[in-house]
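Enquirer: Residue numbers (the numbering used here), protein chains in the order written: chain A, 1 to 426; chain B, 1001 to 1284.
In short, the hints are calculated from the structure, not lab data. Incorrect hints may appear among the rest.
[Claimed, not checked] Using 27 Å as the maximum straight-line C-alpha spacing, the simulated DSS-like pairs for lysine-lysine come out as follows:
| hint | chain 1 | residue 1 | chain 2 | residue 2 |
| --- | --- | --- | --- | --- |
| 1 | A | LYS83 | B | LYS1045 |
| 2 | B | LYS1158 | A | LYS100 |
| 3 | B | LYS1158 | B | LYS1108 |
| 4 | A | LYS329 | B | LYS1103 |
[Claimed, not checked] From the derived model, a few chain A residues whose C-beta atoms are all more than 10 Å from chain B:
| hint | residue |
| --- | --- |
| 5 | VAL50 |
| 6 | GLY156 |
| 7 | PRO357 |
[To be verified] Simulated restraints, written as ranges between beta carbons of each label pair:
| hint | chain 1 | residue 1 | chain 2 | residue 2 | range |
| --- | --- | --- | --- | --- | --- |
| 8 | A | ARG179 | B | ALA1070 | 31 to 37 Å |
| 9 | A | LYS245 | B | ASN1129 | 55 to 61 Å |
| 10 | A | LYS244 | B | ALA1070 | 43 to 49 Å |
| 11 | B | MET1219 | A | GLN101 | 53 to 59 Å |
All C-beta atoms, glycine included, are put in the ideal place defined by N, C-alpha and C.
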Amino acid sequence: MKFFDRDYSVPEGFFPLDNASIIYPPTEAKYNTQVFRMSIDLNIPIDRVVLHEALMDLLERMPYFKVRLREGFFWYYLSPNKKTPTIFDDDVRPCTRISKQKELKNFLFRVCAGENRIAIDFYHCLTDGGGGQTFLLSLFVRYLELKKYEIKEVPGIIRCNEKIQPWETKDQFQSYFDRNLPPPDFVKKAYHYKGILADRAYFTSGSIEIEDIKRISRHFGYTITEFLAALLIKVFLETEGKEKKPVQISIPISLRKLTGKNTMRNFSMFVIVSINPRLGEYTFKEILSLVSLQIKLQTEKHEIKRFISRNVSGERNFVVKSVPNFLKKPFFKIVSDVLGETQYTTTISNIGLVNLPDEVSSLIERYDFFLTPNQKNPVSMAVSGINGKLFVNFSSYLKSDTLVEKKFFKYLVNWGVKVKIHSNRR
Amino acid sequence: MPYCVKCGVKLEDGVDKCPLCGTKVLIDEKVIPEKPFFPIEKDEKLESGMGKQRKAIFEVSLLLSIIAEAVIALSIEPNFVWFPLLCVFYAEIAFIVAFTMPKPNYFKIASWEVILLMGFLVAFDYLMNNVMSWSYIACISLWLYWTVAVFPFVLTKKKKFMFIELILSLLAFLVLLDYDDSHLSWSLVVGFPVILCLTILSLGFIGLLKLPSTPKPRMTDYVYIVFIIVCFSIGFGDFASTGYSKITWSRAFWFVGIGFLIYEIVVLFAKNIRRFFYSENRHE
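One chain only, chain A, in its complex shape (with noise of 0.2 Å):
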């Protein structure tokens, strides 16, 4: 059996980081936390102790979450964590740095749990957000059945009474690697927001009834994600001044509905929309109709497989094979800047609307889901949705400057929509 193909659906010594999570480890520092969160908020209280019995019964059912993270001669890798994770209250920020925090006991993600809401920050070398959504409302789904609440059948979640499936664990990646193909074409550096950085995130959530977004989507015939990304891009394009870069919006894309596998690792790719305002001014239309053309290109079966070929050449190249790990991490680092960071402006991430069966979404009143943005791109916008309510999640780590945000939402109200914000800004 290949290296590449083996089944690790039991940890025994190592288990090997998924193509997309090779970046994380060596990367992570301050104002790069790679850490997203997901939380749902109930009508009813949570009760910690059963959520620990279902947090238990959860990591038993899959053991490719009982990691932890170790550093190899020639690789990261994960390893089984004997210990017992903690659930903690619900006063920790979110997305803080998950590596830096020995009161997770090396656990790769945090659970908090407030009276009514229940949070979990999950480290991106771990899983995605596909990977995190269905985590969580697995969790959900077992903590309810432990307070003997009857709940039939929920299509994407995993049941504790199932068997562990072998798509669980496989790396999607590898199977989508063809060395024949050239490599995607380079991307120009982006725009870049500047701003005072302060030493933490800030949090502005803005709740919005789904109704009044696909109002103003279908008015322009486009997509609540298209929508929201020409939104954001033309705010950037205009608190651009003299610079005049492209403004370039990354978007992940989960690659589960788009090929048909599934995993509970990451499996997404990032497809960049780029604006340059030195062709013109551009009106909103023609940003929404360029928008929906560049995902709809970078989408297409052959794109997507030309993009893993490249990112599964890095990993399969004899040279970074051989290379210590010592001497692959400040390069990686380069190169996740190079490859990564200077290519867009920001990024918008939208893990779309939750349906769940009636019995399970009546006890939700919301679903969110943060990012954490980094040292070039400060701000990012995460977006979720839940019966009838979208949230869209600003992350940012300006000391002070809200103007994205505040450009953004006042956008929304001219358009008629209501829009209620929170922010951990006092």
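Knowing the structure of chain A, use the given hints to seat chain B on it.
Expert: Frame of chain A; chain B shown alone:
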């Protein structure tokens, strides 16, 4: 539910200002504040450590220095290898200290670099001669640099204390230099009187410039005053070295000093002459 009148967004109950634009919001005291969506952090943990780019530069420089040390150790004869090894080691440590310092400022970085340079010079001297010889003077000079050009930066609000500290550090420098041969000679006979002259002249000029009748001094005034103080101090040193009996080689310094002193006093107090020499106000 409160609204922001500028942004048009709804706000949480109990919030006193809009988080987007900072516009104040009138709080209705009858309304019970909503539980904040973002919890109040019990312990506001600030991000610490280095950013990704700085970490990359740090790791690359560390790697390069390790490689350089290895190449040096393998390629140079054992008798002569210590000098380049020491130099590369010092350079790397100095870079790491300056680059990785949290919340760096001039005082912190300069202080650490002075300490490291002293250590390097002492090690170099000791390895070369098996005993501390010239590095003693080098270290004292570095210490003087620190007391004159680094430490005063923490005393910017305490100018009197800064002045006293400068004078004392000059005195201490002379004494330590003189003590190299284990007994004090010239520092007591010449050094102390020169510093005393310098102090008296400085205080005198500071008092003069603070008089209400004295116009606001310009940069050239400061330059000339410093020049006068230096000339007189040197001349006084010569006078003190002869047991206060005669002036030998420093006549020129005395003449120049007196000349500039007369000029400066005239320019400070005679407005017409001042106007003549300072062309900016010639047309007032």
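Enquirer: Work down the list of hints and note, for each, if the structure agrees.
Expert: Structure-based check of all given hints:
1. A:LYS83 / B:LYS1045: Between LYS83 (chain A) and LYS1045 (chain B) the Cα gap is close to 25 Å, so the pair holds against 27 Å.
2. B:LYS1158 / A:LYS100: violated, 41 Å
3. B:LYS1158 / B:LYS1108: holds, 19 Å
4. A:LYS329 / B:LYS1103: Distance of about 25 Å is within 27 Å: holds.
5. VAL50: Answer for VAL50 (chain A): holds, closest chain B Cβ roughly 21 Å.
6. GLY156: Given that every Cβ of chain B is farther than 10 Å from that of GLY156 (chain A), nearest at about 26 Å, it holds.
7. PRO357: Consistent with the label, PRO357 (chain A) stays out of reach of chain B, its closest Cβ about 26 Å off (over 10 Å).
8. A:ARG179 / B:ALA1070: 31 to 37 Å: holds, 35 Å
9. A:LYS245 / B:ASN1129: 55 to 61 Å: Since the Cβ atoms of LYS245 (chain A) and ASN1129 (chain B) sit about 58 Å apart, the hinted range of 55 to 61 Å holds.
10. A:LYS244 / B:ALA1070: 43 to 49 Å: Once the Cβ atoms are compared, 47 Å apart, the range 43 to 49 Å for ALA1070 (chain B) and LYS244 (chain A) holds.
11. B:MET1219 / A:GLN101: 53 to 59 Å: Holds, since MET1219 (chain B) and GLN101 (chain A) (Cβ atoms, about 55 Å apart) stay within the stated range.
Checked against the numbered hints given earlier, this structure breaks only hint 2.
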